[in-house]
Amino acid sequence: MKLTKTTMAAALAAAAFLAGCTELSQEPARSYAGKEDAKPYAGDEFKGDKQKWEKALAARADNQNEYLRTPQAPAK
Amino acid sequence: MARMKFICDAERCIECNGCVTACKNEHEVPWGVNRRRLVTVKDGVPGERSISVACMHCSDAPCMAVCPVDCFYKTDEGIVLHDKDLCIGCGYCFYACPFGAPQFPQAGAFGLRGKMDKCTYCAGGPEENASADEYRKYGRNRLAEGKLPACAEMCSTKALLAGDGEVITKIYRTRVTTRGKGDEIWGWAMAYGGSAKLADLPGGRA
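Respectively, the protein sequence lines represent chains A and B.
Sequential numbering of the first sequence, starting at 0, is according to numbering that gives the first Met the number 0.
Sequential numbering of the second sequence, starting at 0, is according to numbering that gives the first Met the number 0.
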């Protein structure tokens, strides 16, 4: 009986200790009460094609890197 | 796709206010409301730096946590948006936001506050994409047109970068390795202590 109590106490202590290692959820704790928003790729432009939309945005993002747009300087 | 983010490279920002003007013009933001603005430190003395600040579209947004009417939501791309039809203009989000992003237009006499307005990452709001209602309440939805936010695309020195977090971090890394200096993440040491160098951060190899 005494052993069971000690084991249970140890198990509880271990559970409480390990709870600190739990990864907290990144999901918002509160729910959204407003209207549903349409997906950005749902309109006439992309007609629900998410991959095409992502490709268009990736091209735009890469275009911000002028090292890709300008010719490489000649080696000295 | 990862998460949509902004990065402002303090080594490049020349305080031209082009991003502020682009945002104002693109969304016809009312007088007195600034979705984006420039913050300058050490103005006029050596070591002067400017950064462009707007809503940072936080991963764990404090504005979402404090809103009493739950009008905030986050898109699949990590953009924090809100429903103006639900907003009561209480101002809690303004107090909660560490960047001062939520803005309140004057809605009448005696300084009466209107509904909250903030940077939408040019992603509109909970209305039909590219509709007149969406434009009137939230501004233009450039993301639905396959474009990035106007502020970043307008930036003349490309100090302000917008896009997928992984892509723009890569661009930033290329810059600091090419120019051989300025790989300090501006404000990092002040906020968290230790080294501010990109290369010294966990997993960071500039």
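Check before you lean on any hint, since a few could be wrong.
[Unchecked claim] List time: in silico DSS-like cross-link candidates among lysine-lysine, alpha-carbon distance up to 30 Å:
#, chain 1, residue 1, chain 2, residue 2
1, A, LYS51, B, LYS169
2, A, LYS38, A, LYS54
3, A, LYS54, B, LYS146
4, B, LYS73, A, LYS54
[To be verified] Distance ranges between label pairs, derived from CB positions:
#, chain 1, residue 1, chain 2, residue 2, range
5, B, ASP69, A, ALA58, 33 to 41 Å
6, B, LYS41, A, ALA8, 37 to 45 Å
7, A, ALA12, B, GLY179, 40 to 48 Å
8, B, ASP84, A, CYS20, 13 to 21 Å
9, A, GLY19, B, GLY31, 45 to 53 Å
10, A, LYS51, B, VAL32, 53 to 61 Å
Calculated from the structure, these hints are not laboratory results.
Given the structure is predicted, the values throughout are model-derived calculations rather than measurements.
Backbone N, C-alpha and C fix where the C-beta goes; we use that ideal spot for every residue, glycine too.
Legend entry - Range hint 45 to 53 Å (beta carbons of GLY19 of chain A and GLY31 of chain B) holds or violated: holds, 47 Å
Legend entry - ASP69 of chain B versus ALA58 of chain A beta-carbon gap, inside 33 to 41 Å or not: holds, 36 Å
Legend entry - Satisfaction of hint between LYS54 of chain A and LYS38 of chain A, Cα-Cα up to 30 Å: holds, 16 Å
Legend entry - Range hint 40 to 48 Å (beta carbons of ALA12 of chain A and GLY179 of chain B) holds or violated: violated, 53 Å
Legend entry - Pairwise beta carbon distance, LYS41 of chain B to ALA8 of chain A, judged against the given window 37 to 45 Å: Between LYS41 of chain B and ALA8 of chain A, where Cβ atoms are some 59 Å apart, the hint is violated.
Inset, instruction - Please work out if LYS51 of chain A and LYS169 of chain B have their alpha carbons no farther apart than 30 Å. - result: Holds, because 22 Å separates the two Cα atoms, which is no more than 30 Å.
Legend entry - Hinted pair LYS54 of chain A and LYS146 of chain B, Cα distance within 30 Å: At roughly 11 Å apart (the allowed maximum being 30 Å), LYS146 of chain B and LYS54 of chain A satisfy the hint.
Inset, instruction - Could you say whether the range 53 to 61 Å given as a hint is met by the Cβ separation of LYS51 of chain A and VAL32 of chain B? - result: violated, 34 Å
Legend entry - Pair hint outcome, LYS73 of chain B versus LYS54 of chain A [Cα-Cα no greater than 30 Å]: With Cα atoms ~22 Å apart, LYS73 of chain B and LYS54 of chain A stay inside 30 Å; holds.
Inset, instruction - Starting from the hint 13 to 21 Å, judge whether the C-beta atoms of ASP84 of chain B and CYS20 of chain A obey it. - result: With Cβ atoms ~42 Å apart, the hint is violated.
Violated hints, listed in ascending order, are 6, 7, 8, 10; each of the other numbered hints is respected by the structure.
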